[in-house]
Amino acid sequence: MDVQLKRGLLDVCVLAAIKNDDSYGYKIIKDMKPYIEMSESTLYTILKRLEAARMLTVRSAEHEGRLRKYYRITDVGVKRIDDFKDEWKEIMSIYRFVTREDQGNE
Amino acid sequence: MSKQEFLDQLRAGLAGLPQQDINERLTFYSEMIDDRIEEGLTEEAAVAGMDSVDSIVSQTLSEIPLSKIVKERVSSKRSMPAWAIILIIIGAPVWIPLLLSFFIIILSFYVVIWSIVFALWATVVGIGLSSVASLAAGVILMCLGHGITGVLLISAFLVLVGLTILFVFLSIALTKAMAILTGVIASGIKRMFIRKEK
Numbered sequence: 001m002d003v004q005l006k007r008g009l010l011d012v013c014v015l016a017a018i019k020n021d022d023s024y025g026y027k028i029i030k031d032m033k034p035y036i037e038m039s040e041s042t043l044y045t046i047l048k049r050l051e052a053a054r055m056l057t058v059r060s061a062e063h064e065g066r067l068r069k070y071y072r073i074t075d076v077g078v079k080r081i082d083d084f085k086d087e088w089k090e091i092m093s094i095y096r097f098v099t100r101e102d103q104g105n106e
Numbered sequence: 107m108s109k110q111e112f113l114d115q116l117r118a119g120l121a122g123l124p125q126q127d128i129n130e131r132l133t134f135y136s137e138m139i140d141d142r143i144e145e146g147l148t149e150e151a152a153v154a155g156m157d158s159v160d161s162i163v164s165q166t167l168s169e170i171p172l173s174k175i176v177k178e179r180v181s182s183k184r185s186m187p188a189w190a191i192i193l194i195i196i197g198a199p200v201w202i203p204l205l206l207s208f209f210i211i212i213l214s215f216y217v218v219i220w221s222i223v224f225a226l227w228a229t230v231v232g233i234g235l236s237s238v239a240s241l242a243a244g245v246i247l248m249c250l251g252h253g254i255t256g257v258l259l260i261s262a263f264l265v266l267v268g269l270t271i272l273f274v275f276l277s278i279a280l281t282k283a284m285a286i287l288t289g290v291i292a293s294g295i296k297r298m299f300i301r302k303e304k
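In order, the protein sequence lines correspond to chains D and G.
If you use the numbering used here, the first sequence corresponds to residues 1 to 106, in order.
If you use the numbering used here, the second sequence corresponds to residues 107 to 304, in order.
One or more of the hints may lead you astray.
Here are a few chain D residues that sit away from chain G, every Cβ distance over 12 Å (derived from the structure) [to be verified]: (1) 24; (2) 29; (3) 84; (4) 96; (5) 98.
Short, incomplete list of chain G residues facing chain D, as computed with Cβ under 8 Å [as the list claims (entries may be wrong)]: (6) 111; (7) 131; (8) 135; (9) 137; (10) 140; (11) 141; (12) 156; (13) 160; (14) 161; (15) 277.
To be clear, the hints were calculated from the coordinates, so they are not data collected in a lab.
Positions of the beta carbon are idealized from the N, C-alpha and C atoms, including for glycine.
This is chain G alone, in the form it adopts within the complex (with noise of 0.2 Å):
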């Protein structure tokens, strides 16, 4: 690939984002590859020695914030000829719900998943009381005489212990599984807007 197809993808990869941002990468990438040029390197293999466009792309991704990607793209709509800007108007009670439950169902999705991850919280701390609860009822039962209750009730104990502690394994995995799933869809809407732009 030469130098200027690999800016050229990399400016494509990077559209919608403020174009101050787009052009420091620019410059920035494409004196790494001239300085690799000056070194002796082929122009084809400067080029090869870089980070490949999609991680670049999806590293600058991660880095900016979603808040600034959306400014831009609102900010860059203000060219928009005349036209445009009246049926936007008009369309306006279309959009709005539109947009609206859009980043309602973005926003439930993120509920979801989280309540997943307290209810599962919560069943760990509820056996794991209902477990102390019958070591406790056992102890007393059987100091009162119930000898064969306070045994079961400390064997329903042991059980119980061991039910919390694979909650717990259980409910740590899934609170990182769900961290994940967070980044991943955060991502993913930052790459739609992206996208959008091209």
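One chain only, chain D, in its complex shape (with noise of 0.2 Å):
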């Protein structure tokens, strides 16, 4: 997949893998998985730029007798997916128009 392309797709999975509930590193990873490969710097890369943009908050909590980071989605983080799903429509209707043909041969 396009660097680019994917670069703005990860921003919006890590948003949804902790849109519903609050999550960590690890498990954010394992959840995209099935999805979209991550390795833990691009992860750690793009936790810094949504928490700089005040899409997530960060917590500390106790786990298992050591500290673990917890990250929680903001209003603008969740106004972040409903924007990616509105640009996802015009995406949708321009890959129409970019395979029209081959649609019409089939």
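Two chains, each in its own frame: build the complex with the hints.
Quick look at the structure:
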């Protein structure tokens, strides 16, 4: 997949992974794995970026005697997902335009 | 590799960055490894599943701005002994021009690189313009009755158009290559600052 495209998608995927419930780093990667592969260092960069954009907040909580960071989505983050859905409708209509000849031949 | 070895290598690789940036990353990767172990992996396997230390270091470097790295190096020197500070002040006439010339050399390197790119694009424009001019001159001469000279100029036009197209592709390729080279140099400078810290 195109690097720029994947980069944009990963941001939204990470937000989607914490949308319903707070989550932590390893679980986010695991939840996304069936759909899109992501390395730990990529996740770190994305989490930092989303935090700076106030799309998520971070808190540390104790787990099994150690600290684990949990990420929670903010209203801004939820709005980003909604925007993505709207953008995707546009992309789908472009997709139909790009593939209209292929469909005509079928 | 054990978790501690991995974290030690990472810490060494990131040395020279602001302490907070290093600690945050170490905490993050440590948590990742712990979660993998909790999942049932052995410590070795959990570490093996992570990105290599080298790739984490280069990704981190590409994300942290050079200014932050330089600032960290400058501020971390505040705890120097008095004699070192005196030496630095006494040595100022030597090291300030050296540092200045170092940055000027880097700057001139950039200027040279982009002058080459600029020159090539100027050539493209030049050839392109002369091809248009020879077409116009050729047509005018033919209309005025200088048939052979006109044909000659029009054929010159064709040759020049061909050259223009060739040079456009060459210029695009060179521009891209130079952009990559510029990036490599920038990351090289960042690495230099970090290596010195070790």
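Against the structure, the hints come out as follows:
1. 24: For residue 24 (chain D), whose nearest Cβ neighbour in chain G is about 7 Å away, the distance does not exceed 12 Å, so it is violated.
2. 29: 8 Å, violated
3. 84: 23 Å, holds
4. 96: Per Cβ check, residue 96 (chain D) is outside 12 Å of chain G; nearest 32 Å; holds.
5. 98: Its Cβ never comes within 12 Å of chain G, the nearest being 25 Å, so this holds.
6. 111: Hint on residue 111 (chain G): violated, closest Cβ of chain D at ~17 Å, above 8 Å.
7. 131: 7 Å, holds
8. 135: 7 Å, holds
9. 137: 6 Å, holds
10. 140: 6 Å, holds
11. 141: 4 Å, holds
12. 156: 6 Å, holds
13. 160: 11 Å, violated
14. 161: 7 Å, holds
15. 277: 24 Å, violated
Checked against the numbered hints given earlier, this structure breaks hints 1, 2, 6, 13, 15; the rest are met.
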